[in-house]
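Student: Chains E and Z are the protein sequences, given in the same order.
Numbering of the first sequence is given in our numbering, commencing with residue 185 and proceeding in unit increments.
Numbering of the second sequence is given in our numbering, commencing with residue 6 and proceeding in unit increments.
FYI, nobody ran anything at the bench for these hints, they're computed from the structure.
Fair warning: this is a prediction, and the values are worked out from it, not measured in the lab.
Think of the CB as a built atom: it goes at the ideal place given N, C-alpha and C, for glycine as much as any other residue.
Computed footprint of chain Z on chain E, listed as stretches where at least three residues anywhere in the stretch have a Cβ under 8 Å from a Cβ of chain Z:
#1 210-224
#2 229-239
#3 285-292
Ranges of calculated distance between the beta carbons of each label pair, as one might list FRET restraints:
#4 Thr120(Z) x Asp239(E): 36 to 46 Å
#5 Tyr238(E) x Glu58(Z): 23 to 33 Å
#6 Leu268(E) x Gly47(Z): 19 to 29 Å
#7 Gln241(E) x Thr18(Z): 43 to 53 Å
#8 Thr283(E) x Ser84(Z): 21 to 31 Å
#9 Gly47(Z) x Glu199(E): 24 to 34 Å
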Amino acid sequence: AQKITQTQPGMFVQEKEAVTLDCTYDTSDQSYGLFWYKQPSSGEMIFLIYQGSYDEQNATEGRYSLNFQKARKSANLVISASQLGDSAMYFCAMREVYTPNTGNQFYFGTGTSLTVIP
Amino acid sequence: DSGVTQTPKHLITATGQRVTLRCSPRSGDLSVYWYQQSLDQGLQFLIQYYNGEERAKGNILERFSAQQFPDLHSELNLSSLELGDSALYFCASSAPSGTGPLTDTQYFGPGTRLTVL
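Using the sequences provided together with the hints, build the complete structure.
Tutor: Structure (structure tokens):
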């Protein structure tokens with residue numbers, strides 16, 4: 185089974201509008217971390233936001249917020265006031281508790297391509 | 006700029022050849038991770054090193070190997086290259102604790118784009 189599922193291959197949003205990118209995860213761990221990364225066309229992976237499984241409040245970082253619904257195992261990224269520079273691929277990732285077999289690896293989803301329309 | 010450096014940025018080579026990708030982690034980071042990003046497989050974890058020692062292996066082929074040196078830089082060696090090895094190879098590093106808290110973010114380098122012809 186996939187650890188991270190991103191069901192939206194592509195999304196469009198009007199400039200200055202808000203957009204939600206979906207992410208669901210699968211883990212039997214009680215402790216885990218959820219991350220979102222942005223990958224512009226230039227290719228680099230840029231860290232955006234982190235949510236811990238025990239965090240009671242949703243994480244926020246500037247225009248990014250994470251809508252964390254633990255019971256539903258979802259960690260959706262909300263981008264407010266979209267800008268043209270937000271056009272990129274967005275990846276959801278999860279880190280589970282360290283084990284000798286899995287280390288500290290991140291499990292990534294397949295990504296969502298976001299296009300901001302002027 | 007994440008502080009993680011990777012060289013070269015682009016690499017074009019032929020099938021059957023061997024290449025070495027290099028990564029320098031952020032200052033103070035002891036863990037280095039290698040990931041492969043291809044169109045059909047997405048982002049796949051290859052291997053993790055912590056302070057010179059292998060910590061975990063993912064979907065790394067036997068033709069691939071890696072090491073982390075005393076100065077903490079890491080190299081990924083790819084041999085007997087095949088067309089399917091064409092991909093973007095990322096190195097990432099994370100904070101000092103090898104088994105560390107889940108808050109340890111991984112910071113990615115700019116990647117090495119490998120093209121095998």
